[in-house]
Every structure is written in structure tokens, then in C-alpha cells.
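2 protein chains.
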Amino acid sequence: MFKPEIRVLDCSIRDGGLINQWQFSDEFVRANYQADCAAGVDYMEIGYKASKSQFDPEKFGKWRFCADDDIRRVVDGIEPVTKLACMVDIGRVEEKDIVPVDQSPFDMIRVACYMREVDKAIALANMIMDKGYETTINIMAVSTNIEREIDEALNDLSKTKIPSVYVVDSYGAMSSEDVTFLVNKYRVALPDKMIGIHTHNNRQLAFSNTIQAIINGATMLDASVYGIGRGPGNCCLELLLTFLQNPKYHLRPVLELIQSHYLPLREKIEWGYIIPYMITGMLNEHPRVAIAFRDSPERDNFVKFYDMLTTPEPDVTAGRK
Amino acid sequence: MFKPEIRVLDCSIRDGGLINQWQFSDEFVRANYQADCAAGVDYMEIGYKASKSQFDPEKFGKWRFCADDDIRRVVDGIEPVTKLACMVDIGRVEEKDIVPVDQSPFDMIRVACYMREVDKAIALANMIMDKGYETTINIMAVSTNIEREIDEALNDLSKTKIPSVYVVDSYGAMSSEDVTFLVNKYRVALPDKMIGIHTHNNRQLAFSNTIQAIINGATMLDASVYGIGRGPGNCCLELLLTFLQNPKYHLRPVLELIQSHYLPLREKIEWGYIIPYMITGMLNEHPRVAIAFRDSPERDNFVKFYDMLTTPEPDVTAGRK
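These protein sequences, in sequence, are chains A and B.
According to the numbering used here, the first sequence is numbered sequentially starting from 16.
According to the numbering used here, the second sequence is numbered sequentially starting from 16.
Please note that a few of the clues may not be correct.
Each pair may be met inside one copy or between any two copies, as identical chains are not told apart.
Stated by the list, open to error - Keeping only pairs whose Cα atoms sit at most 30 Å apart, straight-line, the calculated DSS-like set for lysine-lysine is:
hint: 1; residue 1: Lys18; residue 2: Lys135
hint: 2; residue 1: Lys18; residue 2: Lys174
hint: 3; residue 1: Lys319; residue 2: Lys98
hint: 4; residue 1: Lys135; residue 2: Lys200
hint: 5; residue 1: Lys18; residue 2: Lys200
hint: 6; residue 1: Lys263; residue 2: Lys319
hint: 7; residue 1: Lys174; residue 2: Lys67
hint: 8; residue 1: Lys200; residue 2: Lys319
hint: 9; residue 1: Lys67; residue 2: Lys111
hint: 10; residue 1: Lys98; residue 2: Lys74
hint: 11; residue 1: Lys146; residue 2: Lys67
I should point out that these hints are in silico values taken from the structure, not numbers from a laboratory.
Fair warning: this is a prediction, and the values are worked out from it, not measured in the lab.
Okay, chain A solo, but in the shape it has when bound (with noise of 0.2 Å):
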């Protein structure tokens, strides 16, 4: 499918970082920039920007925080054919964190918030803009909200000069027809933005639901190396890249980064299709119970998993009787 407006988003070491704290070497992180480049990725995602007071640095590696020193050196050299970008939570950043944008190593920060925050996320997107950056509202977890809190905040979006907004499937929970419920609801309602897509693999639909995303019309695409991510992982690049015909876009970088430096990294970090992931998808339920139980000594007891979420506990439905 050739669209000339759509843009790609590699979002790995961002997402990723969720898995390892943001452990990547300066060396892995320069080699997924390289190959980003020359596959005429858009953008890459480097990572998070955080004041270093919310967050402690030896816990965290350096793309928690995205000083702009360590991203200078990081792509230092390459001809940057793909724009960097970062993501912001609110409240984890500081305006003092952010200089303007000639003085950055950034071309987009995007920020990232639930429905009920969606007034502090276009604050927040506003001052970014104002320092003349490219920017972008992605709020997440929309599968939990019902159609009215949606409607609310689409309408205070309207009214901003924001560029973008994204669906965001934080859970993997939707199929086809949700995405397309969704991404129309959005288009209809900011018929002048730029509508993105940002899926997760818990149930193998990341990439479906990406294509189906772009059947109605959504133009900014998030996808990562081999799908990298938190549990199950994201929309993969390289799948994502063979269904674009637009010719400015090339798979073999991306192959030749997979085969250095994300299968190793598999064999050290787990992601991909893991029940207890597939499951909490199918719930519509955050992943964080899963990963608590992949931690355990239980990891593979997929049934004790499904059964502790599934059983209703007494206390809950003790009102029932």
C-alpha cells in the first residue's frame, strides 16, 4: 500500500527499554540508528526524557533520560536521514529539561498520557511546540475508556494546534473492528491531524491492526526491530516495511541490525508471544500482572495464571449473592 504522507516510527529502544531499564549499549543503540537510516526509517525514538531526579541512575540506563549530550554522541557521524524523537510522561519532566529545538538533538518529542490526563498532555505538547518542536498526543490504553471520556477529550484536542494523535492498544487488546471503530472516531473528530497508530502484540494483531489502521486512514505508524517490547511487544518493523511499497523504505538494514544485535538480545531478554501476555490481552488487563508472574518460579503454569484471573475472587463478588 503506497500512501506518500504515512510516516514510520521506530519506537525500540523506547518501548524496549521497558524490558532491560534502558540498558542498551551506546554501541546498539548507534547500530539501530545506522540501520534506520539507511532503511529511511522517519523517525526513531531514542527513548524517554526524564528528569534525573524522578528516576535513579543506577537503576536506569542513560535512555530513561535522553540527556542531550548522550544522543549527540550516540548518532555522531551518521548522515541523519531519520529524525530523532523522545517520549515525555507528564509529570516526569521539567520545562528546564526541555532547551528549544535549535539548541536540541531532537526533532519531535511526543507525549504520552491516559484519557483523564489528556488536558496536561496538550499543556504539555503546547509549551514542546512552542520551543519549535514536532510533537505528538499518544493516549494510551484507550481500550478501557468508555466512548463519552473519549468523546470529551477528542473535542478538547480539536481545539488545539497539535499535529497528531494516536489510538494506542497499551493492552494488545483490540482486534480489527475496534481499530477501525476507533481510528474513524479520531479522524472524524480532528479531521486536520495526523492520526497514529501504536499496537501491541499480545494476541499476534500488532501488525494487523497497524494495517488495518491504515485502511481508515491513520499516517503515523509506530513499529520496533523485530517487535521488541514489553511482553508480547509491538508492531514489527521489518513486517511493516514489506506492506509500505513506498520505495524510500528498505528492509535490508533492517534484517542485517536483527541478525547482529536484537537475536542475541533475545536470547538474553525475553518478549514475543507469551501466554500469560496473550492472556491479560484477551482480559483487556494491564500487563503488569503477567510480568510479575514471568519473574516467578511459576512462569509456565499458564493454567494457575488464567485460573488467578479468571476465578472471582470472594471479597469482589461477595455483593453478588
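Could you slot chain B onto chain A? The hints should help.
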């Protein structure tokens, strides 16, 4: 999605046998059948029926032949909720191997063929029906046929009493739009028949393509436990059961089977999302070249494999100059 007319067929042993030459133990196959019965799965395809003159019983396990006595022994004593099926290939089974249904453990015998063999498949399916079995015709590799061939075959099929015809994405090459195109075409040409769908997961689209086929009216659905099958495997049975909202289906027995039997098996034999199969899927090619590559010492050299399949060969392009 609750459609009471939907039937689910577990093809784990038949399709998974392509990886291990059908060397599943009796205990494994019995556990699979027990789980399918507990899960409410409609059919279990337990292997291929073939003449022992066609394949070496020293090399191939018993589910390559499906001798009636082997089948009876392995399901003995289990309440038969799930009907038993096997598959036959054109030219690899003799009429004497197929006894009348009332002397057989099987309820259904499916016929696999390529588009050019549809008339042979019709003759074989008619013989199978005459002996009292349910049957289907599974036309493989339809992603490689031009529309004229498909229309001609569907026209021949429309004149038969064969109750069910499958769209088979043998190469894992189809996207949802291809599925919609083909399922709609089959439905219009064969209004009195059930349409089936059998997908492969080369591009992580097996489950989503099965969902798309359901949306378009397919009612015979193939899936396999934990996605087992040659190369990338098939649509995961556990995913499909979470999607179908028919109360007769139960997920828990399938999860139990995965943790007790399929996780340990997956340590010994390989299937799933593997880059060389992704590449053959993207190129709409038979996986045989990927199978050979994964058996070679260069199995993880994805770039070499990609170059091998995408660089024009001098002899082929000589005429181009």
C-alpha cells in the same frame, strides 16, 4: 463473535507433523485429543491417510498413515466430543485404504489439492462421500493462482455436492484484503457450501486473516495448538477460541495442553515467527527454500537469505538486457 454455524478444526498433528515427520508419541496425540474434547473443538485432524507403499514407515511416524487401528487405540476410552478427521493428498491414497465410514474411526476425510488438480480432488471427494464421510476440498497455494484459474475451479466445484471448500494461504502471503477478496469470491461462486479458511503465520497474520475470513462469512476454521505447523505455523487455536464467543468452547484445556506438551516440544523442534519464513511469505513463495536454509550452518544469516531470494539470477534475466 458468536456465530453458531462456525466449526473449528485442530490440525496440530497433521500440520505439525510436517516438522517432525509425524513422530508424535501415542501419549502426545491422546493428550491432544483429550484437550480438544474438553475444549469443545469440533474436529481434530490427526494426520494424513496414506498408503504404506507411498512412504517409508521407518522414516515416518504413524500419523503419516493414520491406520484405523492406531487411531482407535489412541482415542480409546475418551468421550468423543471432537470428531476425527484426516487429510488425503491426490495420488497418495488408494481406494482400498478408505473403508466405509461405519467401519472407520474417522468422521471426515479432507482432500488437499492444487488448483490444477481440482477435478481429481472432486473425484476423490465424491468417492469419500460415497463411503459416508464428511469431506472438504482444501485448495492450496491459491495466492499463486490467477483469477481465471480460480473461477474455472470454483465453477467445477459449484456443480458438486461437496459441502465445504477451503481458502488456503499456504505461503502465508495474504493480507486481510486478499482474504476478503477470495472468501467473497468463493462464497458467491459456491452459495450452498461452507467456506473454510486455513492460514499460515509467516507475517504474523494467521489469526487476523482467520478473523477477517469469519467477518466475510467463512465458517470452517483451521487452527493448531500454540500455532504448531511447518515453519511459522498456523493460526493459534488458543487465540481463536478467545475470539469465538460460543459458550461451547473452553480455553483452559488448551492452555493446559500447551504447558504440559507443547512448551517442551517447542524446545526440541522449531516453529513460529522466523525471519526466513517471513521473507518467503512476503515473496509469496513455497517455504522449502527457508526450510533448507534453517537446516544449514548459516541459518541466522538473514541478509544472505534475503539477497539469495531477491537478487536476480543472471540466467533468468539474460533475456532482459
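Status of the hints after comparison with the structure:
Within a single copy, lysine 18 and lysine 135 get their C-alpha atoms no closer than 33 Å, and across copies no closer than 44 Å, so neither meets the 30 Å cut-off. Taking the shortest alpha-carbon separations for lysine 18 and lysine 174, only the intra-copy value of 27 Å comes in at or below 30 Å, while the best inter-copy value is 43 Å. With identical chains, the CA atoms of lysine 319 and lysine 98 are at most 30 Å apart between copies only, with a shortest distance of 29 Å across copies and 45 Å within one. For the homomeric pair lysine 135 and lysine 200, the shortest alpha-carbon distance inside one copy (22 Å) is at most 30 Å, but the shortest distance between copies (50 Å) is not.
Taking the shortest Cα distances, lysine 18 and lysine 200 sit within 30 Å of each other both inside one copy (21 Å) and across copies (27 Å). In this assembly of identical chains, lysine 263 and lysine 319 lie within 30 Å of each other by CA distance solely across copies; the values are 22 Å between and 48 Å within a copy. Proximity of lysine 174 and lysine 67 under a CA criterion of 30 Å is satisfied in neither setting, with 33 Å inside one chain copy and 73 Å between copies. Taking identical chains as interchangeable, the C-alpha atoms of lysine 200 and lysine 319 are never at most 30 Å apart, the minima being 38 Å within one chain and 44 Å between chains.
For the identical chains of this complex, lysine 67 and lysine 111 are intra-copy neighbours only, at 12 Å inside a copy versus 77 Å across copies, given an alpha-carbon limit of 30 Å. In this assembly of identical chains, the alpha carbons of lysine 98 and lysine 74 lie at most 30 Å apart only when taken from the same copy (28 Å versus 55 Å across copies). When the C-alpha separation of lysine 146 and lysine 67 is checked against a cutoff of 30 Å, the pair qualifies only within one copy, where the shortest distance is 21 Å, while the shortest distance between copies is 76 Å.
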